[in-house]
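Numbering (UniProt numbering), first residue to last: 1 to 393.
There's no promise every hint is true.
Here are the simulated distance ranges between beta carbons [said to hold, decoys possible]:
| hint | residue 1 | residue 2 | range |
| --- | --- | --- | --- |
| 1 | Leu273 | Pro148 | 27 to 37 angstroms |
| 2 | Thr55 | Phe322 | 38 to 48 angstroms |
| 3 | Asp362 | Lys41 | 47 to 57 angstroms |
| 4 | Phe322 | Ser38 | 41 to 51 angstroms |
| 5 | Leu213 | Ile35 | 45 to 55 angstroms |
| 6 | Lys111 | Phe187 | 24 to 34 angstroms |
| 7 | Phe322 | Ser241 | 20 to 30 angstroms |
| 8 | Asn283 | Glu359 | 40 to 50 angstroms |
| 9 | Gly304 | Asp100 | 34 to 44 angstroms |
| 10 | Leu263 | Ile24 | 25 to 35 angstroms |
| 11 | Gly230 | Arg337 | 11 to 21 angstroms |
| 12 | Ser275 | Gly230 | 24 to 34 angstroms |
The hints are simulated quantities; they were obtained by calculation from the structure and are not laboratory data.
Since the model is a prediction, treat every value here as computed from it, not as a measurement.
Glycine included, each C-beta is placed from N, C-alpha and C at the ideal position.
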Amino acid sequence: MSDNKTTNRIIPWGSLPDEILTNIFVFLPIKSIIIFTSVSKAWKSLIKNPTFISTHLNHSLNKNKNQNLLFIGLRSENQKEFYALHNEDDADFTQHARFDYPFRAPPHNGKYSVLGTCNGLLFLSKVFHGDNSFCLWNPCVGKLLKLPSPNITYATHGRFCASLGFGFDPKTKDYKVIRVVTLLESFDLERTRPQVEIYTLSTGQWRMLRTGLAPIGALYWTGPQTFINGALHWVACFKVSDNNIHNFVLVFNLGEEVFHEILLPEFPGHMGLMSGSISVYRNSIALFQKDNGFLHIWVMKEYGVVSSWTKVLSLPLFNLDFFGASDSIRRALGFRRNGEVILKLDGGRLISLDLKTGEIKDLRIVGHKKTIVDYYVESLVLLDKSANSEDTY
Numbered sequence: 001m002s003d004n005k006t007t008n009r010i011i012p013w014g015s016l017p018d019e020i021l022t023n024i025f026v027f028l029p030i031k032s033i034i035i036f037t038s039v040s041k042a043w044k045s046l047i048k049n050p051t052f053i054s055t056h057l058n059h060s061l062n063k064n065k066n067q068n069l070l071f072i073g074l075r076s077e078n079q080k081e082f083y084a085l086h087n088e089d090d091a092d093f094t095q096h097a098r099f100d101y102p103f104r105a106p107p108h109n110g111k112y113s114v115l116g117t118c119n120g121l122l123f124l125s126k127v128f129h130g131d132n133s134f135c136l137w138n139p140c141v142g143k144l145l146k147l148p149s150p151n152i153t154y155a156t157h158g159r160f161c162a163s164l165g166f167g168f169d170p171k172t173k174d175y176k177v178i179r180v181v182t183l184l185e186s187f188d189l190e191r192t193r194p195q196v197e198i199y200t201l202s203t204g205q206w207r208m209l210r211t212g213l214a215p216i217g218a219l220y221w222t223g224p225q226t227f228i229n230g231a232l233h234w235v236a237c238f239k240v241s242d243n244n245i246h247n248f249v250l251v252f253n254l255g256e257e258v259f260h261e262i263l264l265p266e267f268p269g270h271m272g273l274m275s276g277s278i279s280v281y282r283n284s285i286a287l288f289q290k291d292n293g294f295l296h297i298w299v300m301k302e303y304g305v306v307s308s309w310t311k312v313l314s315l316p317l318f319n320l321d322f323f324g325a326s327d328s329i330r331r332a333l334g335f336r337r338n339g340e341v342i343l344k345l346d347g348g349r350l351i352s353l354d355l356k357t358g359e360i361k362d363l364r365i366v367g368h369k370k371t372i373v374d375y376y377v378e379s380l381v382l383l384d385k386s387a388n389s390e391d392t393y
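Can you make the complete structure from the sequences, with help from the hints?
Structure, rendered in structure tokens:
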């Protein structure tokens, strides 16, 4: 009589096809994935493969639609800089993760500040007159990549003013740093075009932009960038006449590597330099404008359509009553995905304001001068890089 019992066969992990391993790994926490690189050479090769890194990123981006993480640069009680991820879906705005400043000791000639985030990468620039030091850092995998010196420096071109941007080029699947430089030795607001250089992660080099030249004018916002819809956005201006300055949004498309202009809303009677900055607002942009003691917030409800600029708030900057105490608004930092705007008060406290109801929430977070707010997704980008990079764990 034959034995009809079925013998269960146990398949060793090492025998699983890469496709099945990939489908398992993408659901695991990043720290677990990093640990698995030490299990075997085959797993290490799979996890560090650019194809897997890209697959994991796409999975994280889709998952992050339901679990929104907000990146905030902060300082601890002893003034040590750190960065926190907060889960927006929690009513208590709980901290999801914390990353410490990546350098063991701040350089004597200045500190790095985060200017933007994209797909889990942070772009850092050293805040020091005359320095040209930049880094890309992925705190989730503990990788820090120092960029080479750019082409335009004080030694080569004399005094200049540079605005920076960082983002992902969907056309080439590459990360790019853009540097828009106004040379001050020969500066003329009516005639001078900024010079532009581009760093690409795939080549590890800077190159000058020879086509798609920037329009005549200047950028005067050197703080955190705005990257949305495959393009970088800055507030810029050029001189129309002695008494008239034209302010506009300068847009650089990373895929086509060309500039174009988005007109700002009309400000009756305003003819000089505008104090303002651009922020991401859902799938479009917003303008934070300071004027005559007020903060004005405009949103572009349909991206690229000038007629869709809508003023959603005008708020006095000074002597406001927040939670029973008088305080003033230092600046607007950005938006939460639910549309609430995050404001930093004079004392450093961060609050969120519902633009529809006027409801104010204390986020119970204290910021500092360089605090930024941006959307964040955890990723493995840079894990496959070794040359000119270092571990920060």
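>> Going through the numbered hints above, which ones does this structure break? Give me the numbers in ascending order.
In response: 7, 8, 10
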